[in-house]
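Each chain is listed here by its residues.
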Amino acid sequence: MRQGKYPFVIGFLFLPVTLYSIFVIAPYAQAFQLAFTNWRGIGAPEFIGFENFQRLFNDTAFWKAVQHHGIILLALPLITIVIALFFAFMLNVGGGSKGGQRVGVRGSAFYRVVFFFPQVLAVAIIAVLFQMVYRPDESGLINGVLTKIGLDPIYFMINPSLALWSIIGVLVWQGVGFYVVLFSAGMASIPTEIYEAAEIDGATRVTLFFRVTLPLLWDTLQVAWVYLGIAAFDCFAIVAVLSIDSGGPDGATTVLAMEIYRNAFTYGRAGYASAMGVALFFLTITFAALTLRVSKRESIEY
Amino acid sequence: MGPQMTTQTERPRTGPGERGPAAGTGRKARARRVKSEVRLLSSLGHVALVVWAVIVIVPILWTFLASFKNTPEIFSSPWTLPAELRWENWGRAWTQARVGRFFVNSVIVVSCGVFGTMLLGSMAAYVLARYKFVGNRVIYYLFVSGLAFPVFLALVPLFFVVDNLGLLNSHTGLVLVYIAYSLPFTVFFLAAFFKTLPTSVAEAGMIDGCSHTRLFFQVMLPMAKPGLISVGIFNIIGQWSQYQLPLVLLSNAEDKWVLTQGIADISVNAGYEADWSGLFAALTMAILPMILVYAIFQRQIQSGLTAGAVK
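Sequence lines, in order, name chains A and B. Going by UniProt numbering, the first residue of the first sequence is number 1, and it counts up by one from there. Going by UniProt numbering, the first residue of the second sequence is number 1, and it counts up by one from there.
Rather than coming from a laboratory, the hints here were simulated on the basis of the structure. Note that the Cβ used here is the ideal one computed from N, Cα and C, for glycine as well. Among these hints, one or two may not hold up.
[Unchecked claim] Simulated DEER-style distance windows between Cβ atoms:
(1) A:268 <-> B:58: 41 to 47 Å
(2) B:269 <-> A:165: 22 to 28 Å
(3) B:46 <-> A:152: 50 to 56 Å
(4) A:152 <-> B:297: 40 to 46 Å
(5) B:291 <-> A:14: 37 to 43 Å
(6) A:54 <-> B:58: 45 to 51 Å
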């Protein structure tokens, strides 16, 4: 490159880096500092050491939220991936082979388009939609039917032992289509000859799925697991809008993001909320590192 | 492990031409078994596919229908077609519930946000991908590390940063924050894309006396169009769906609220004397444009949103 390289480089980087430093890097750095203060938003922050973290340790709302993340972290990826894998297999391989090409069942294109659609909607909008679907009286989509046929209504968001699962259900409803498309891309890149060879060897479709598709899809599955795991650590919009009393009933659906928001903007405890943020950060990082470690295995070249 | 097992496992070693008659009958039996298994699996699978399609479509369709009903109808006959098309529900939601206002706000914020993100993101990505200079890697990893941090960690300090700049409760502040938080993925994705573009075109441009800036805008950007479209769609949908940032940064300026925030607020504060049909109409207005956009750009949206995962 010729003269004027440095002015050009600096000119192009100046705005993006400035913006990024002010709004992203500075707040992240401050969050770690504020976590060790009792700052309430005004005046000078006072350093209090690990006091916030000690308090966090005895905070039942915090532990409830962590427990909910644990449940979501196990259930959401498992349910979503199993359903999505099954559908992706049906849509790509399930129709047998035609003219040497693996094809999906009839109407595959239609299903793929429909299943993916919820991904385009904002979570907040979906949460409002399911508020209507889950309504406890006959105006709700599900309970309207149940009362019509003479059954007792199900109190999706009111029953504490059902509320969190109702939320997970919505997340699965939204997520499945995305992973169907993701897995379809992975399955499309598996060479047809491998399936043919396996079929000549007498492999049934179930064997094909477990012995051919699944191992060759391992990398994509790992990506899906990490994505869904990271999603499990957020859940703010859905809990804030769909649940009763933002995380209720009685904390039965609360998540860390909800508690951070409540502490910071309702109770004004900026320092304590930052400590929660730091805890959330370490949980996320631990999860990502563990997943990559545990699921690491030799990828199959083909 | 019976004797049949052995023949099965040994089968593949014999080529198609060398098959004995015994192998032929075994094959037929297996073919029959495979066929019935296929039929069972595919009919079961078909049912599952249809059921899931119904689960996805019905809540949305039901919302559309309910948006034309009045409140007694919503309660007494949630499953029937509306007696008449009550467009006044839509009118009420658009003006009284200010869905129109929220909609326009969302369009303004997202168009400015995505334009800024694409411009600044592609500039940074281009320089980082194709120019060697001191600190290049440091800046690159600074951007990419942003992908690993949950936004909620920064939320509290971010509120005060925006407040100190006097940008709280303003669209300008929200747009700048959107741009900043969209940069990590945009830079990460586009830098990888710019690296794949051939150097020969850029060199030819330089020989012709093209300046660095002109080279970027007139040669490199047009060449990067497929990548720009993917990451652009990703950002449009991401920023359009954003809920927590506007909730925190626009909390006291109701006339500036974006669509997600506005609709969620209508529903959360609905209470007992709620205008249910109005709420259904508002919800429909938020969903319908997405269906239209999705119907037109379905292919690009699917590849744009999954681009990050497939790489």
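Taking the hints in turn, this is what the structure says about them:
no.	hint	verdict
1	A:268 <-> B:58: 41 to 47 Å	43 Å, holds
2	B:269 <-> A:165: 22 to 28 Å	26 Å, holds
3	B:46 <-> A:152: 50 to 56 Å	32 Å, violated
4	A:152 <-> B:297: 40 to 46 Å	44 Å, holds
5	B:291 <-> A:14: 37 to 43 Å	41 Å, holds
6	A:54 <-> B:58: 45 to 51 Å	50 Å, holds
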